[in-house]
Amino acid sequence: MKNYVVSRLLQLIPILFGITFLSFGMMQFTADDAVDIMYEQSGGASEEVKAAKRAELGLDQPFLVQYGDWLAGVATCDMGRSYISGKPVFETFADKLPSTIWLMVISISMTVLIATPLGIIAAVKQNRPIDYCIRIFTFIGNSLPNFFVGLLLIYFLALKLGLLPIMGSSGDWRSVVLPALTLTIAMGAKYTRQIRAVVLEELSKPYVMGARARGVSEYTILTKSVLRSALIMIITLLALSMGSLLGGTAIVETIFMWDGVGKLAVDAILTRDYPLIQAYVVWMSIIYVVMNLLADLAYHYLDPRVRYGGES
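For what it's worth, the numbering used here labels the leading residue of the sequence shown as 10, then goes sequentially.
Each hint should be verified, as a subset may be incorrect.
Lysine-lysine pairs mimicking BS3-like chemistry, simulated, CA-CA at most 25 Å apart [to be verified]: (1) Lys199 - Lys214; (2) Lys134 - Lys233; (3) Lys96 - Lys62; (4) Lys62 - Lys134; (5) Lys199 - Lys134; (6) Lys214 - Lys233; (7) Lys59 - Lys96.
Don't read these hints as lab results, they were simulated from the structure.
Can you build the whole structure from these sequences, using the hints too?
Spelled out as C-alpha coordinates, the structure:
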(Lines of atoms letter the chains of each structure in order from A and count residues from 1; the text may use other names and numbers.)
(Lines give C-alpha, C1' and ligand atoms only; values in the text may rest on other atoms or scores of the structure.)
Protein backbone atom coordinates (compact mmCIF):
# COMPACT_ATOMS: atom_id res chain seq x y z
CA MET A 1 0.00 0.00 0.00
CA LYS A 2 2.83 2.38 0.87
CA ASN A 3 4.51 1.83 -2.49
CA TYR A 4 1.22 2.43 -4.27
CA VAL A 5 0.66 5.73 -2.44
CA VAL A 6 4.19 6.93 -3.20
CA SER A 7 3.77 5.96 -6.85
CA ARG A 8 0.50 7.87 -7.17
CA LEU A 9 1.98 10.93 -5.46
CA LEU A 10 4.94 10.93 -7.84
CA GLN A 11 2.55 10.76 -10.77
CA LEU A 12 0.91 13.96 -9.54
CA ILE A 13 4.09 16.03 -9.93
CA PRO A 14 4.12 16.29 -13.76
CA ILE A 15 0.33 16.72 -13.77
CA LEU A 16 0.49 19.68 -11.39
CA PHE A 17 3.37 21.25 -13.31
CA GLY A 18 1.40 20.83 -16.52
CA ILE A 19 -1.68 22.48 -14.99
CA THR A 20 0.26 25.50 -13.75
CA PHE A 21 2.23 25.89 -16.99
CA LEU A 22 -0.84 25.72 -19.22
CA SER A 23 -2.92 28.06 -17.07
CA PHE A 24 -0.13 30.63 -16.85
CA GLY A 25 0.68 30.35 -20.55
CA MET A 26 -2.94 30.73 -21.64
CA MET A 27 -3.34 33.87 -19.56
CA GLN A 28 -0.08 35.33 -20.84
CA PHE A 29 -0.77 34.79 -24.53
CA THR A 30 -4.54 35.35 -24.64
CA ALA A 31 -5.14 37.99 -21.97
CA ASP A 32 -5.15 41.76 -22.44
CA ASP A 33 -2.30 43.80 -21.06
CA ALA A 34 -2.44 43.63 -17.27
CA VAL A 35 -1.26 47.19 -16.71
CA ASP A 36 -3.84 48.60 -19.14
CA ILE A 37 -6.60 46.81 -17.21
CA MET A 38 -5.31 48.10 -13.88
CA TYR A 39 -5.30 51.73 -15.05
CA GLU A 40 -8.69 51.53 -16.76
CA GLN A 41 -10.34 52.04 -13.37
CA SER A 42 -8.47 55.32 -12.75
CA GLY A 43 -8.96 56.84 -16.19
CA GLY A 44 -5.67 55.77 -17.76
CA ALA A 45 -2.02 56.71 -17.39
CA SER A 46 0.94 57.78 -19.49
CA GLU A 47 3.11 55.23 -21.25
CA GLU A 48 6.01 56.05 -18.91
CA VAL A 49 3.90 55.25 -15.85
CA LYS A 50 2.68 52.03 -17.46
CA ALA A 51 6.22 50.99 -18.36
CA ALA A 52 7.36 51.58 -14.78
CA LYS A 53 4.43 49.51 -13.50
CA ARG A 54 5.30 46.64 -15.87
CA ALA A 55 8.87 46.69 -14.59
CA GLU A 56 7.61 46.71 -10.99
CA LEU A 57 5.40 43.68 -11.63
CA GLY A 58 8.07 41.87 -13.64
CA LEU A 59 5.94 41.86 -16.79
CA ASP A 60 8.90 42.97 -18.89
CA GLN A 61 10.77 39.74 -18.09
CA PRO A 62 10.93 36.70 -20.42
CA PHE A 63 8.05 34.23 -20.24
CA LEU A 64 9.94 31.51 -18.37
CA VAL A 65 11.22 33.99 -15.79
CA GLN A 66 7.69 35.25 -15.19
CA TYR A 67 6.44 31.67 -14.92
CA GLY A 68 9.15 30.78 -12.40
CA ASP A 69 8.35 33.81 -10.24
CA TRP A 70 4.63 33.09 -10.43
CA LEU A 71 5.13 29.40 -9.60
CA ALA A 72 7.20 30.34 -6.57
CA GLY A 73 4.35 32.59 -5.49
CA VAL A 74 1.83 29.77 -5.93
CA ALA A 75 3.96 27.55 -3.69
CA THR A 76 3.84 30.21 -0.97
CA CYS A 77 0.15 31.09 -1.54
CA ASP A 78 1.12 34.44 -3.06
CA MET A 79 -0.59 34.76 -6.44
CA GLY A 80 -0.45 38.51 -6.76
CA ARG A 81 -3.19 41.06 -6.31
CA SER A 82 -6.57 41.53 -7.91
CA TYR A 83 -6.58 44.08 -10.73
CA ILE A 84 -9.95 45.43 -9.61
CA SER A 85 -9.94 45.38 -5.79
CA GLY A 86 -6.20 45.47 -5.21
CA LYS A 87 -6.52 42.80 -2.52
CA PRO A 88 -4.25 39.73 -2.40
CA VAL A 89 -5.67 37.02 -4.64
CA PHE A 90 -5.21 34.21 -2.14
CA GLU A 91 -6.91 36.22 0.61
CA THR A 92 -9.87 36.97 -1.68
CA PHE A 93 -10.07 33.34 -2.71
CA ALA A 94 -9.87 32.11 0.89
CA ASP A 95 -12.67 34.47 1.96
CA LYS A 96 -15.07 32.95 -0.59
CA LEU A 97 -14.09 29.30 -0.19
CA PRO A 98 -16.03 28.59 3.06
CA SER A 99 -19.33 29.52 1.39
CA THR A 100 -18.66 27.11 -1.46
CA ILE A 101 -17.61 24.36 0.96
CA TRP A 102 -20.81 24.90 2.98
CA LEU A 103 -22.91 24.60 -0.19
CA MET A 104 -20.92 21.53 -1.23
CA VAL A 105 -21.37 19.75 2.12
CA ILE A 106 -25.14 20.34 2.15
CA SER A 107 -25.48 19.22 -1.48
CA ILE A 108 -23.48 16.03 -1.01
CA SER A 109 -25.29 15.17 2.23
CA MET A 110 -28.68 15.56 0.55
CA THR A 111 -27.48 13.56 -2.43
CA VAL A 112 -26.30 10.59 -0.37
CA LEU A 113 -29.43 10.55 1.78
CA ILE A 114 -31.68 10.57 -1.29
CA ALA A 115 -29.73 8.58 -3.88
CA THR A 116 -28.58 5.65 -1.72
CA PRO A 117 -32.05 4.32 -0.80
CA LEU A 118 -33.41 5.11 -4.28
CA GLY A 119 -30.60 3.18 -5.98
CA ILE A 120 -31.02 0.18 -3.68
CA ILE A 121 -34.82 0.14 -4.05
CA ALA A 122 -34.57 0.39 -7.84
CA ALA A 123 -32.18 -2.57 -7.92
CA VAL A 124 -34.17 -4.75 -5.52
CA LYS A 125 -37.44 -3.94 -7.33
CA GLN A 126 -35.93 -4.26 -10.81
CA ASN A 127 -38.40 -3.92 -13.72
CA ARG A 128 -41.27 -3.05 -11.40
CA PRO A 129 -43.23 0.23 -11.41
CA ILE A 130 -41.12 1.83 -8.68
CA ASP A 131 -37.94 0.95 -10.61
CA TYR A 132 -39.33 2.58 -13.75
CA CYS A 133 -40.26 5.72 -11.80
CA ILE A 134 -36.77 5.99 -10.31
CA ARG A 135 -35.15 5.42 -13.71
CA ILE A 136 -37.29 8.19 -15.20
CA PHE A 137 -36.06 10.49 -12.40
CA THR A 138 -32.43 9.62 -13.17
CA PHE A 139 -32.98 10.22 -16.88
CA ILE A 140 -34.56 13.63 -16.30
CA GLY A 141 -32.00 14.60 -13.65
CA ASN A 142 -29.10 13.75 -15.95
CA SER A 143 -30.69 15.53 -18.92
CA LEU A 144 -31.56 18.90 -17.40
CA PRO A 145 -28.74 21.47 -17.04
CA ASN A 146 -28.21 22.99 -13.62
CA PHE A 147 -29.19 26.50 -14.65
CA PHE A 148 -32.57 25.28 -15.95
CA VAL A 149 -33.26 23.31 -12.76
CA GLY A 150 -32.30 26.34 -10.70
CA LEU A 151 -34.65 28.62 -12.62
CA LEU A 152 -37.52 26.13 -12.22
CA LEU A 153 -36.94 25.92 -8.47
CA ILE A 154 -36.80 29.71 -8.18
CA TYR A 155 -40.07 30.07 -10.10
CA PHE A 156 -42.06 27.48 -8.19
CA LEU A 157 -40.58 27.41 -4.68
CA ALA A 158 -39.55 31.05 -4.32
CA LEU A 159 -41.78 33.16 -6.58
CA LYS A 160 -45.01 31.15 -6.72
CA LEU A 161 -45.08 29.53 -3.28
CA GLY A 162 -42.80 31.94 -1.42
CA LEU A 163 -41.31 29.13 0.64
CA LEU A 164 -37.64 30.00 0.27
CA PRO A 165 -35.51 33.09 -0.44
CA ILE A 166 -34.00 33.48 -3.89
CA MET A 167 -30.73 35.16 -3.03
CA GLY A 168 -28.05 33.16 -1.27
CA SER A 169 -26.32 33.97 1.99
CA SER A 170 -24.15 31.61 3.97
CA GLY A 171 -25.54 33.11 7.19
CA ASP A 172 -29.14 31.96 6.58
CA TRP A 173 -29.75 28.22 6.42
CA ARG A 174 -32.93 28.68 4.34
CA SER A 175 -31.01 30.39 1.57
CA VAL A 176 -28.83 27.32 0.98
CA VAL A 177 -31.80 25.06 0.21
CA LEU A 178 -32.45 26.17 -3.39
CA PRO A 179 -28.84 26.11 -4.65
CA ALA A 180 -28.15 22.87 -2.78
CA LEU A 181 -31.30 21.27 -4.16
CA THR A 182 -30.33 22.37 -7.67
CA LEU A 183 -26.99 20.58 -7.36
CA THR A 184 -28.57 17.60 -5.60
CA ILE A 185 -30.98 16.83 -8.45
CA ALA A 186 -28.20 16.35 -11.00
CA MET A 187 -25.85 14.56 -8.60
CA GLY A 188 -28.64 12.47 -7.13
CA ALA A 189 -29.62 11.20 -10.55
CA LYS A 190 -26.05 10.15 -11.27
CA TYR A 191 -25.55 8.56 -7.84
CA THR A 192 -28.85 6.67 -8.05
CA ARG A 193 -28.01 5.21 -11.44
CA GLN A 194 -24.52 4.15 -10.34
CA ILE A 195 -25.70 2.61 -7.06
CA ARG A 196 -28.49 0.75 -8.84
CA ALA A 197 -25.99 -0.68 -11.34
CA VAL A 198 -23.59 -1.80 -8.59
CA VAL A 199 -26.32 -3.45 -6.51
CA LEU A 200 -27.73 -5.24 -9.57
CA GLU A 201 -24.26 -6.51 -10.45
CA GLU A 202 -23.71 -7.83 -6.93
CA LEU A 203 -27.14 -9.46 -6.75
CA SER A 204 -26.37 -11.45 -9.90
CA LYS A 205 -23.09 -12.89 -8.61
CA PRO A 206 -22.73 -16.58 -7.66
CA TYR A 207 -22.09 -15.95 -3.96
CA VAL A 208 -25.49 -14.25 -3.67
CA MET A 209 -27.19 -17.15 -5.41
CA GLY A 210 -25.37 -19.54 -3.08
CA ALA A 211 -26.48 -17.56 -0.03
CA ARG A 212 -30.06 -17.66 -1.22
CA ALA A 213 -29.81 -21.43 -1.76
CA ARG A 214 -28.61 -21.81 1.84
CA GLY A 215 -31.68 -19.95 3.05
CA VAL A 216 -30.00 -16.67 3.98
CA SER A 217 -32.56 -13.87 4.09
CA GLU A 218 -32.58 -11.14 1.43
CA TYR A 219 -32.09 -8.51 4.14
CA THR A 220 -28.92 -10.21 5.40
CA ILE A 221 -27.55 -10.61 1.88
CA LEU A 222 -28.26 -6.98 1.14
CA THR A 223 -26.82 -5.49 4.33
CA LYS A 224 -23.85 -7.81 4.89
CA SER A 225 -22.54 -8.26 1.37
CA VAL A 226 -24.15 -6.16 -1.34
CA LEU A 227 -24.06 -2.83 0.47
CA ARG A 228 -20.33 -3.21 1.09
CA SER A 229 -19.71 -3.05 -2.64
CA ALA A 230 -22.17 -0.17 -2.96
CA LEU A 231 -20.26 1.67 -0.22
CA ILE A 232 -17.09 1.55 -2.31
CA MET A 233 -18.93 3.16 -5.20
CA ILE A 234 -20.45 5.82 -2.94
CA ILE A 235 -17.08 6.77 -1.44
CA THR A 236 -15.53 6.97 -4.91
CA LEU A 237 -18.37 9.17 -6.14
CA LEU A 238 -18.09 11.37 -3.06
CA ALA A 239 -14.42 12.09 -3.64
CA LEU A 240 -15.01 12.88 -7.30
CA SER A 241 -18.06 15.02 -6.51
CA MET A 242 -16.15 17.14 -3.99
CA GLY A 243 -13.63 18.08 -6.65
CA SER A 244 -16.20 18.77 -9.32
CA LEU A 245 -18.44 20.73 -6.93
CA LEU A 246 -15.64 22.97 -5.73
CA GLY A 247 -14.83 23.83 -9.32
CA GLY A 248 -18.18 23.45 -10.99
CA THR A 249 -20.70 25.47 -8.97
CA ALA A 250 -20.07 28.72 -10.83
CA ILE A 251 -23.39 28.75 -12.70
CA VAL A 252 -25.47 27.80 -9.66
CA GLU A 253 -23.69 30.32 -7.43
CA THR A 254 -24.25 33.05 -10.01
CA ILE A 255 -27.96 32.27 -10.42
CA PHE A 256 -28.58 32.34 -6.67
CA MET A 257 -26.05 35.11 -5.93
CA TRP A 258 -24.22 32.72 -3.62
CA ASP A 259 -21.03 34.41 -2.46
CA GLY A 260 -18.59 31.58 -3.24
CA VAL A 261 -15.57 30.95 -5.42
CA GLY A 262 -17.72 30.04 -8.42
CA LYS A 263 -19.41 33.43 -8.50
CA LEU A 264 -16.03 35.03 -7.80
CA ALA A 265 -14.66 33.37 -10.94
CA VAL A 266 -17.59 34.54 -13.08
CA ASP A 267 -17.19 38.11 -11.81
CA ALA A 268 -13.44 37.92 -12.49
CA ILE A 269 -14.08 36.82 -16.07
CA LEU A 270 -16.55 39.66 -16.66
CA THR A 271 -14.11 42.24 -15.28
CA ARG A 272 -11.01 40.63 -16.84
CA ASP A 273 -9.41 40.18 -13.43
CA TYR A 274 -6.82 37.69 -14.66
CA PRO A 275 -4.96 36.98 -11.39
CA LEU A 276 -8.25 35.80 -9.87
CA ILE A 277 -9.02 33.70 -12.94
CA GLN A 278 -5.57 32.10 -12.74
CA ALA A 279 -6.02 31.37 -9.04
CA TYR A 280 -9.41 29.78 -9.68
CA VAL A 281 -8.14 27.59 -12.51
CA VAL A 282 -5.02 26.47 -10.66
CA TRP A 283 -6.51 25.80 -7.24
CA MET A 284 -9.66 24.15 -8.56
CA SER A 285 -7.54 21.94 -10.82
CA ILE A 286 -5.29 21.01 -7.90
CA ILE A 287 -8.28 20.25 -5.68
CA TYR A 288 -9.88 18.13 -8.40
CA VAL A 289 -6.66 16.18 -8.98
CA VAL A 290 -6.18 15.61 -5.24
CA MET A 291 -9.79 14.45 -4.85
CA ASN A 292 -9.30 12.01 -7.72
CA LEU A 293 -6.21 10.72 -5.95
CA LEU A 294 -8.14 10.26 -2.70
CA ALA A 295 -10.89 8.41 -4.57
CA ASP A 296 -8.30 6.15 -6.16
CA LEU A 297 -6.65 5.45 -2.81
CA ALA A 298 -10.00 4.79 -1.14
CA TYR A 299 -10.98 2.37 -3.89
CA HIS A 300 -7.59 0.68 -3.63
CA TYR A 301 -7.90 0.35 0.15
CA LEU A 302 -11.53 -0.74 0.38
CA ASP A 303 -11.58 -3.26 -2.47
CA PRO A 304 -9.25 -6.22 -1.76
CA ARG A 305 -9.41 -7.31 -5.41
CA VAL A 306 -7.84 -4.06 -6.53
CA ARG A 307 -5.39 -3.96 -3.62
CA TYR A 308 -4.01 -7.45 -3.98
CA GLY A 309 -4.13 -7.31 -7.76
CA GLY A 310 -2.06 -4.13 -7.76
CA GLU A 311 0.44 -5.51 -5.28
CA SER A 312 0.92 -8.68 -7.30
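Okay, the hints, checked on the actual structure:
{"no.": "1", "hint": "Lys199 - Lys214", "in the structure": "holds (23 Å)"}
{"no.": "2", "hint": "Lys134 - Lys233", "in the structure": "holds (19 Å)"}
{"no.": "3", "hint": "Lys96 - Lys62", "in the structure": "holds (17 Å)"}
{"no.": "4", "hint": "Lys62 - Lys134", "in the structure": "violated (68 Å)"}
{"no.": "5", "hint": "Lys199 - Lys134", "in the structure": "holds (19 Å)"}
{"no.": "6", "hint": "Lys214 - Lys233", "in the structure": "holds (14 Å)"}
{"no.": "7", "hint": "Lys59 - Lys96", "in the structure": "holds (20 Å)"}
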